[in-house]
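Chain residues, written in single-letter form:
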Amino acid sequence: MKLLVIEDDKTTGGYICDGLREEGHSVDLFTSGSEGLIQASIGQYDVMIVDRMLPGIDGISLVKTLRGTKNNTPVLFLTSLGGVDDRIEGLNAGGDDYLVKPFAFGELSARIAALGRRPQIQDEPVVLKVADLEMNLLSRKVKRAGQAIDLLPREFALLEHLLRRKGRVQTRTMLMEAVWDIHYDPMTNVVDTHISRLRGKVDKPFERELIETVRGSGYRIDA
Amino acid sequence: MQRVLRSIRSTPLRLTAILVTIFILSSVVSFATAYFVIRATFDSTLEDEINQRVATYQAIDDQNDLIERLKDDAETSKPELLILQYLPDQGSPISNVRHFPPISGRAIIAERAIDHRGREIAESYLARSMRVGRGQLIVAQTRNQVFEMGEIMVSVVLIGLIPTLLFAAVSGAIVARNARRKIGKIQTTLAELTSGAMEARVPINASETDDLSDISKSVNAMASSQEALIASMRQVSADIAHDLKTPIQRVAVIIEQIADKTKLSDGQEDLLDRARAETDGIVKTFQALLQLAQIEGGAVRDRLVSTDLRAVAIDVFEFLEAEAEEQGHGLHLQIEGEGQFIVRGDRHLLSQVVANLIQNGLRHTAVGSQIKVVLKKTDKGIGLTVSDNGAGIPEAEREHVLRRLYRMEKSRTTDGNGLGLSLVAAICALHGAELALSDNAPGLVVSITFPKTDPR
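Just so you know, the sequences run in chain order A and B. No gaps in the numbering here: position 61 of the first sequence is 61 in my numbering, and each next residue is one more. No gaps in the numbering here: position 416 of the second sequence is 416 in my numbering, and each next residue is one more.
Only chain B is shown next, with the shape it has when bound in the complex:
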């Protein structure tokens, strides 16, 4: 059903249908025109014949001879071919039908208007009525040939159209399927490009020169320039990293040297410590930005391997448990289900996700808050949730907190650089995992759903 719907939606198939309809309409119109032209010609030939016959009767001068001749002709003529009716001013009428409707001049008379005494007559007649001798003569000739010709033409049209229709339908379907295949390739490539695989290209057959191949070429050209642009941007960020980090390294060295080689008062020591902490902060923010750029670049994607989330969660949990306790928070790990929790991923990045979320919870909730990490298998894949019972994030803010360097007004004073959640979001995207922030009433729940892995 879906395939049928898709076929109907396909542009080439629709075009074929429109073309076929136009073809049918135009052949019907041209055949009809031909039919009417031929019929008119035929009618005028008939009229000539009738006139000729009338003329021969008019040539007979004697009324009695005329009546004799008409009686003969009426008797010998088959009414389905020729109807003769003579109504003399005096005497009995002559006719090979019981009654022919009265007409004046020229008329086309249908079968049902004629009283034919049960004899076989034609469907339609071309009739003329005029005075001949001393009476009114009607000569009507059959138009059956016209009808027969019409029927022949209808069958010609029908028989001619069936193979055309079949051919058009089959070739339309083939063209549509080919086009759909090409469009499918373009769509797959675009999806890959969107997900960050910048090396994706539409396969192109050099011998094909249709418009879809042109579009494929344009898509590839666009992807190439995009890839080059990203590469140069990455180069630029690497260059900036190098250019800025070297001076920062020097500052760090100078601070160390001041600390080592000069005698300082306590106040000066404090200032130096603060300078050291600030340089550290700059470096860390920088590092996080670079890492974000790299993850979003997608190059890490090739390195994703089967990774056990259970082991990752336990490592991080056991690492941060002490910190949570120290800060007066409760940290709980709940693993629902046995065995491994395999996802395709990078162990270090996944561990960073879990750590970032737990540390967010520790940082942004009041003392005594509980932070809970739950790992479970769901229908959709593997679910990881980190929830707290702190103040939570207002719904309007939830979108924003995933943006890099965004910090909510109230968290400006706490440490952190506003990159933690953007990093989480980028890592989730890299792993094809769904990330959602919701209300824990009270508090925040961050849910991540990793897709099922194909067993390989």
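Next comes chain A alone, as it looks inside the complex:
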């Protein structure tokens, strides 16, 4: 993907760019709001990563200005301000996602991937399928290798979330937000517990492990 990073701190900016380039993205980095805004309006980007506090034009005004010119490139805000209010303010200004510093690179990369694919809204499938695993969204039944698997509602929701995004890493915070609607850091590794329970039902009785742990990032179901 073609990415634009607007971040005034050179260490953080450099680190983000290096990491994203290693993942195969093409990345442009700007350190001031005014330069970033010009570049954002002329370049064709898939996702923009914008720091909220910038010299020149701040991140919020930058994105508001962009949205004013009908530029709908997905924007991920990076910020030191992690309060509920700042989050809402960022999203209201036209941001699509929000990441509070300091963040793990895996989190950033997973969220960029999610944003880049967001516009592709597919027809609602009735059955989600990966390898020998089948999930019927209407009858809410799950089968693997012809064997019925009994899941609790949240386990179903968790598996559905991973299946719908097969091949893409989902971080623990992304899962918490999507499955339990928890939007703060509960300071616990309870997501891991839920995943290990799900694995106990979906993976353990079978040969191949479908739910994969991605070190330093989160979980993924391989396509």
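Everything labelled a hint here was simulated from the structure, so no lab data went into it. Incorrect hints may appear among the rest.
Derived pair list, reagent style DMTMM-like, types lysine to aspartate or glutamate, alpha-carbon separation capped at 25 Å [said to hold, decoys possible]:
hint: 1; chain 1: A; residue 1: Lys64; chain 2: B; residue 2: Asp302
hint: 2; chain 1: A; residue 1: Lys204; chain 2: B; residue 2: Glu326
hint: 3; chain 1: B; residue 1: Lys372; chain 2: A; residue 2: Asp181
Use these hints to put chain B onto chain A, whose structure you have.
What follows is chain B alone, placed relative to chain A:
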């Protein structure tokens, strides 16, 4: 009844009452003074008249002529106006009353002291007694005019006071009501300011220049400076957040780079992991402090919407149930009542409250303890309680645990940053909910009562 009591307590009304009393007292005193002055003048005029009459009798030289004249005068004088009594040294007394008390010189004699033979006489007389010819003469003139004048003056005072009193009472009540309305506005504003709505101001009518308007202006000035101060403090904390988090972000980046790009021994890996965990801890504490400041700032208040606590409780319960089980704790959710449990609130903050309380229970109780979340509708609103059967919190400590960064001695070793309960308290305050910590015998009960929502 309460309104009457409030009126009595109102300062302007009390002032009016005091003023009216002073007015009544001063008019009574001035009328009384006037009455006594006039009466004294009147008495001296009377005395002059009496002296004149006595002088005419004294001018008669012949005793027989004197007696004749006195008999005539006594017969023709009405005793209610003039009493004449002559006691000659020899012969029968002359009098138009049966008996007048013996006096010497000048005296004021009341009606009851005089034997008046059933005839109508005055209430009071000014009398003089002296020797005339060969006998003792008493001339007494009525003082009825003085009394009549007194009565007139009393009615003047009364009739004059009634409209004054009415006017004072009505205008006092109006002034008191206006003042109460203004004071009410000031009180409402102060209450709003206290609850964190720093933009609250007392409405001021520019044309009014009384002392209450002055106080309103002072309150507004105070609120403005307070608001500016808070805004600048918030700016400072945002700046600190930015200034400190950027270097922390760099440290995190450097740690990642060391991990990625260098070959490390197991021992070095461990050290790096610990450094990573510590940076994480710093960030989380920081985050929690910032969030606290923001919630206490009250700006979130505008975003509170109808939220179903039942859904919130179920989400959090289902999220943490696995953790509780993993740690060997029992976690139970009990919802008493059907339908939604609507409060005005922020879903995420409310879910944080429930999660914080459950996690506190998990963290601070021994393995095997039971943690129970109960949601029910009460008379006062919606009640949420989270209780455990652990060691509890001693009564003396309960106040302190709501303070930020406070940790009880025994919980220093467990993880957590001492901000969880302060955050719960701040979120409760934001939602206008009552928070209470009590004894579960054994264990701790945290009860939160959300106010009833007006159906809108």
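When you check the alpha-carbon spacing of A/Lys64 and B/Asp302, does it fall within 25 Å? Distance of about 22 Å is within 25 Å: holds.
Check whether the Cα positions of B/Lys372 and A/Asp181 lie no farther apart than 25 Å. 21 Å, holds
Given the hinted pair A/Lys204 and B/Glu326, is their alpha-carbon gap at most 25 Å? 18 Å, holds
Of the numbered hints listed earlier, not one is contradicted by the structure.
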